[in-house]
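Take these sequences, add in the hints, and give me the full structure.
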Amino acid sequence: MTTTTQIAPGGQIEKDPYDKVVSIFDWDEHLEEGEELLTSGEFTVSSVTEPVEAVPWLEIDSVILLSGNRSVLLRMKAGTPNHVYNVAHRVQWGTEPDQQRERSFDVWVHD
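The opening position of the sequence shown corresponds to residue -3 in this note's numbering, with each subsequent residue numbered one higher.
FYI, nobody ran anything at the bench for these hints, they're computed from the structure. Keep in mind that a hint or two might mislead.
Below 25 Å or equal to it, Euclidean Cα-Cα: the simulated DMTMM-like pairs (lysine to aspartate or glutamate) are [what the hints assert, rightly or not]:
1. Lys16 x Glu98
2. Lys73 x Asp107
3. Lys16 x Glu46
4. Lys16 x Glu55
5. Lys73 x Asp57
6. Lys73 x Glu49
7. Lys73 x Glu29
The following block contains the structure:
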């Protein structure tokens, strides 16, 4: 089953290990008026729950920059039951190469 959720930086979502979750990661509140996200951005997943070597790992298998360049659509799948992952998104914004921001949210994979 695939579900869609909206997630704000600093938030948390839950997922079943067998579901694919489509989330809209909204940067709007973290950007100044007139700022736009560029097409560059990177998601990283890290383990919050021990053991860190949990298998299967939470996977991000699709990322799409949405119209207006202020939100990103991502699809997550898999994950170890009763495990929490932190998903961080680092983006390049504005017109200068050194303007970067990173925000994250947690994903709890329930059993």
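Hint-by-hint comparison with the structure:
With a C-alpha separation of about 24 Å, the suggested pairing of Lys16 with Glu98 holds against the 25 Å cut-off. For the given pair, Lys73 sits about 14 Å from Asp107 by alpha-carbon distance, which is consistent with the 25 Å threshold. For the proposed pair Lys16 and Glu46, the alpha carbon gap of about 23 Å is at most 25 Å, so the pair holds. This hinted pair checks out: Lys16 and Glu55 have alpha carbons roughly 10 Å apart, not beyond 25 Å.
For the hint pairing Lys73 with Asp57, the CA-to-CA distance comes to about 7 Å; that is within 25 Å, so the pair holds. Only pairs whose Cα atoms come within 25 Å are accepted, and Lys73 paired with Glu49 is accepted, the gap being roughly 17 Å. Simply put, Lys73 and Glu29 have alpha-carbon atoms about 34 Å apart, too far for the 25 Å limit, and the pair is violated.
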